[in-house]
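Student: Start from the sequences, fold in the hints, and give me the full structure.
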Amino acid sequence: MKQARIRIIIALMSTALLGIILVQVYWIQSTLNQKEKIFGYQVADALTRVSENVETHWIATMLKSHTDLIFSDSAFAVNGSMRINKTWVSDTLIQEAMQSEHINIAALTEPGASYSYPAPGALPNRPTMILEPVEMGTRVGQEGGNDEIISTILKEIDKQFQVSADKLDQVMQQMIVEMIMQGAQPGDKVDTAYLSQMLQLEFRNRGIETEFQYGVLLNGKTLISPVADEQKSTLLKTQHTASLFPNNIFFGKDLLMVQFPDQRTYLLQSIWVLLLGSLLFTSVIIFVFSYSIHIILRQKKLSDIKNDFINNMTHEFKTPLATISLAVDAINSPLVLQDEQRVKHYTGIIREENRRMNGQVEKVLQAALLDKHELNLKPEELDLHEVIEHAVDNVTLLVEEKQGRITKRLEADNALFTGDNVHLVNVIYNLLDNASKYSPETPDIVISTRNKGNHILISVQDHGMGMSADQQKMIFEKFYRVPTGNVHNIKGFGLGLTYVKTVVEAHGGIIEVKSAPGKGSTFTIQLPQN
Numbered sequence: 001m002k003q004a005r006i007r008i009i010i011a012l013m014s015t016a017l018l019g020i021i022l023v024q025v026y027w028i029q030s031t032l033n034q035k036e037k038i039f040g041y042q043v044a045d046a047l048t049r050v051s052e053n054v055e056t057h058w059i060a061t062m063l064k065s066h067t068d069l070i071f072s073d074s075a076f077a078v079n080g081s082m083r084i085n086k087t088w089v090s091d092t093l094i095q096e097a098m099q100s101e102h103i104n105i106a107a108l109t110e111p112g113a114s115y116s117y118p119a120p121g122a123l124p125n126r127p128t129m130i131l132e133p134v135e136m137g138t139r140v141g142q143e144g145g146n147d148e149i150i151s152t153i154l155k156e157i158d159k160q161f162q163v164s165a166d167k168l169d170q171v172m173q174q175m176i177v178e179m180i181m182q183g184a185q186p187g188d189k190v191d192t193a194y195l196s197q198m199l200q201l202e203f204r205n206r207g208i209e210t211e212f213q214y215g216v217l218l219n220g221k222t223l224i225s226p227v228a229d230e231q232k233s234t235l236l237k238t239q240h241t242a243s244l245f246p247n248n249i250f251f252g253k254d255l256l257m258v259q260f261p262d263q264r265t266y267l268l269q270s271i272w273v274l275l276l277g278s279l280l281f282t283s284v285i286i287f288v289f290s291y292s293i294h295i296i297l298r299q300k301k302l303s304d305i306k307n308d309f310i311n312n313m314t315h316e317f318k319t320p321l322a323t324i325s326l327a328v329d330a331i332n333s334p335l336v337l338q339d340e341q342r343v344k345h346y347t348g349i350i351r352e353e354n355r356r357m358n359g360q361v362e363k364v365l366q367a368a369l370l371d372k373h374e375l376n377l378k379p380e381e382l383d384l385h386e387v388i389e390h391a392v393d394n395v396t397l398l399v400e401e402k403q404g405r406i407t408k409r410l411e412a413d414n415a416l417f418t419g420d421n422v423h424l425v426n427v428i429y430n431l432l433d434n435a436s437k438y439s440p441e442t443p444d445i446v447i448s449t450r451n452k453g454n455h456i457l458i459s460v461q462d463h464g465m466g467m468s469a470d471q472q473k474m475i476f477e478k479f480y481r482v483p484t485g486n487v488h489n490i491k492g493f494g495l496g497l498t499y500v501k502t503v504v505e506a507h508g509g510i511i512e513v514k515s516a517p518g519k520g521s522t523f524t525i526q527l528p529q530n
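Read in this note's numbering, the sequence shown has 80 at position 80, and its numbers run on one by one without any break.
Source of the hints: derived by calculation from the structure; they are not laboratory data.
From a predicted model like this one, the values you see are computed outputs, not experimental measurements.
It is possible that part of the hints are untrue.
Here are the computed lysine-lysine pairs in the PhoX-like style, where the Cα-Cα straight-line distance is at most 25 Å [unchecked claim]: (1) K221 - K232; (2) K408 - K519; (3) K473 - K300; (4) K318 - K452; (5) K378 - K253; (6) K514 - K501; (7) K408 - K452; (8) K237 - K253; (9) K300 - K363; (10) K2 - K35; (11) K35 - K237; (12) K408 - K2; (13) K473 - K306; (14) K237 - K37; (15) K363 - K2; (16) K300 - K402.
Derived Cβ-Cβ restraints for the label pairs, each shown as a range [unchecked claim]: (17) H345 - T319: 17 to 23 Å; (18) L321 - T282: 55 to 61 Å; (19) T314 - K2: 32 to 38 Å; (20) D229 - Y26: 38 to 44 Å; (21) S303 - D383: 43 to 49 Å; (22) F476 - D413: 55 to 61 Å; (23) S233 - S292: 49 to 55 Å; (24) N530 - F476: 43 to 49 Å; (25) L236 - T15: 45 to 51 Å; (26) R298 - G40: 22 to 28 Å; (27) K35 - F476: 36 to 42 Å; (28) L321 - D383: 35 to 41 Å; (29) H345 - N451: 34 to 40 Å.
Virtual Cβ for every residue (Gly too), placed ideally from N, Cα, C.
Tutor: Listed below in C-alpha cells is the structure:
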C-alpha cells in the first residue's frame, strides 16, 4: 500500500474518531446541563416552600405572643340580656339560643329540612344566634311586626361581628407598632434550627441528597449564616435564592440563600452510568483505532522489509551465480583447459561462491527455524574464550581488508559455559561482522569479557555509525536493516541480530545494546554460568 493512501486512511479514521468523541462530549454536556436545570427548578421550589413555612411559622409565633389581646372577653362580647320572643314571621319561627355555636335557618315549606354555617368569629364557649324550624301553621306570639324583628336580630349580629373585626385590626396595628418601636425585623425572628430542618426536609422530599450551606441576607446588607467566614463570599454569589418573607411590606426584603459545594460532583454521580458507558465504549473505539493504525503501519513496514529482503537476497544470489557462470565459461575455453593452474583457480572460485550461496541459504533456513521455534541445541562444556578466538579468526580477514583491527580484552576469570559451540560461534561472528559492516571508515572493534556474579558478560564495541533510539527498538526484528541512505552497500538479509537474540535467549541469557548516532554501538551478552 502506498504511503499516500495510508495517510488518507489514517486521516479519515482520525476525523471519524474525533467526531465520535465530540458527539459523546456534547451529549454528556447536554445531559448535564439538563440535570442542572432540573436541579435548579427543584431547589427553587424547595426554597419557595421553605420561605412560606418560615413566614407562616413567624406569623404564628407573633400571634401567639398576643393571644390575650386578641381573645379577651371584650373582643367578642354579645348582649346576654337580649330577648327575642317566639313570633310568627313569614312562616319562620325565630328563637334565641345563647349557648349554640351555629346559626340554623329552616324553611317551613320542607318540615325538618335545614342547613347551618358557623357564626363569623365563633369561638368555643362563646354565645351565637340560632334559628330553628317549627311546623307550618303554628302561631306563637303576637308582638311586633315581622320585618322589625328580623331587622333587629341581624343588626345585632352584624354589630357584634363588626366590633370583633375592629378589635382584631387594632391588635394587629398594635403588634406592628410594637415591632417598629422595638426595632424588630422578620429576619431577626428566624429560627436557624427550624430553617435548617425545613431545608433538609424539603430537599429530601425532592430527592436532593447532597451537602448544602445556607444563609439569610437581611436588607441586602447583613448575611446571617452558620458557615465559616471564608465561605460567605462564595455563598453570596449563589444563584439559589428566594425571598424569605414575600408578603412583608413593612421591612426590607430578606433573601434565603443556599449553595451546594459538591453540586457538580453530585450531578455527575447522577449520570455515572451514562459517563461510564460512554467512557468505556469510547476507550474501546480509541484502542481499536490505535491498534488498527499500528497494524497498518506495521504491515507497511513489513512490506518494505520484505521487498528489501527480496532485493538483497536477489543480489546475494545473483552475484555468486554470475561469478560461477563466468568461471565455467572460462574453464570451457580451450586455452584455459590446457592450463591446469588456471583451471584450479577457476574451480576454486566456483567452490568459494558455492560456499557463499550455501551460507545464504542456511541463513534463510535459520530464519524459518526461528519462526517455528525449532532451534536444536547441542550443549557441551565450553570455554567461551576459545569460542571467541574461533569467531575472531573467521572475521579477521574481513576486518583487515578494510584496514581495521579487533582488540581482545578477555578478562573473565571463569569463562566456562555449557552451550552449543556452533551457534555460539555464529553469535560472536555475527556481532563482529555487523561491527565491521557498520563502521564506515577503518573498523576499530573491541571484544571483552568479565564475570558478574554467576554470569559471564561478553561485549562487542565498535566506533561506527551508531543507531537512534527508534532503530535500537527494531534491530532484533526479522529482516530489519539499519538504513544507510540511498546507497545500500551493506550486504545481508537483516537476519543476523534476530538469530543472535534467539540463540542467546535459548541459552537462558539476554542481550542489550547501547548506541548513539555517530558514536558507535555496544552489544552486551549476559549468559548464566550456573
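Student: Taking the hints in turn, state whether each one holds.
Tutor: Against the structure, the hints come out as follows:
Distance hint between K221 and K232 is fulfilled; the C-alpha atoms sit about 13 Å from each other, no more than 25 Å. For the hint linking K408 to K519, the alpha-carbon distance of about 20 Å falls within 25 Å, and the restraint holds. For the proposed pair K473 and K300, the alpha carbon gap of about 17 Å is at most 25 Å, so the pair holds. Under the criterion of a C-alpha separation no larger than 25 Å, the hint pairing K318 with K452 is inconsistent with the structure, at around 46 Å.
Restraint check for K378 and K253: the C-alpha separation of about 99 Å exceeds 25 Å, so the hint is violated. Proximity of K514 to K501 is assessed by CA-CA distance (about 15 Å); at most 25 Å being required, the pair is judged to hold. For a cut-off of 25 Å, the pair hint linking K408 to K452 stands: about 18 Å separates their Cα positions. In summary, the hint linking K237 to K253 is supported, as the alpha carbons are separated by about 17 Å, within the 25 Å threshold.
Only pairs whose Cα atoms come within 25 Å are accepted, and K300 paired with K363 is accepted, the gap being roughly 24 Å. Taken as a hint, the K2 and K35 pair is broken in the structure, with Cα atoms around 50 Å apart against an allowance of 25 Å. Between K35 and K237 the alpha-carbon distance is near 21 Å, which keeps this suggested pair within the 25 Å criterion. Our distance criterion of 25 Å between C-alpha atoms is broken by K408 and K2, whose separation comes to about 47 Å.
For the given pair, K473 sits about 18 Å from K306 by alpha-carbon distance, which is consistent with the 25 Å threshold. In summary, the hint linking K237 to K37 is supported, as the alpha carbons are separated by about 18 Å, within the 25 Å threshold. Of the supplied pair hints, the one linking K363 and K2 is violated, its CA atoms being roughly 30 Å apart against a limit of 25 Å. With a C-alpha separation of about 36 Å, the suggested pairing of K300 with K402 is violated against the 25 Å cut-off.
Judged by the Cβ atoms, the range 17 to 23 Å given for H345 and T319 holds: they are separated by roughly 19 Å. The hinted window of 55 to 61 Å between L321 and T282 holds, with their beta carbons roughly 57 Å apart. The hint said 32 to 38 Å for the Cβ distance between T314 and K2, and at roughly 22 Å that hint is violated. For the pair D229 and Y26, the supplied restraint of 38 to 44 Å holds, since their beta-carbon distance comes to about 40 Å.
Between S303 and D383 the CB atoms are about 44 Å apart, so this pair conforms to the stated range of 43 to 49 Å. As the Cβ distance of F476 to D413 is approximately 30 Å, the hint placing it in 55 to 61 Å is violated. Roughly 52 Å separates the CB atoms of S233 and S292, a value that falls within the hinted 49 to 55 Å. Between N530 and F476 the CB atoms are about 26 Å apart, so this pair departs from the stated range of 43 to 49 Å.
At about 46 Å, the CB distance of L236 to T15 agrees with the hint of 45 to 51 Å. For the pair R298 and G40, the supplied restraint of 22 to 28 Å is violated, since their beta-carbon distance comes to about 52 Å. Range check, K35 to F476: about 54 Å between beta-carbon atoms, so the 36 to 42 Å window is missed. The beta-carbon spacing between L321 and D383, approximately 40 Å, falls within the hinted interval of 35 to 41 Å.
In this structure the supplied range 34 to 40 Å is violated for H345 paired with N451, their Cβ-Cβ distance being about 48 Å.
The earlier numbered hints that this structure contradicts are 4, 5, 10, 12, 15, 16, 19, 22, 24, 26, 27 and 29.
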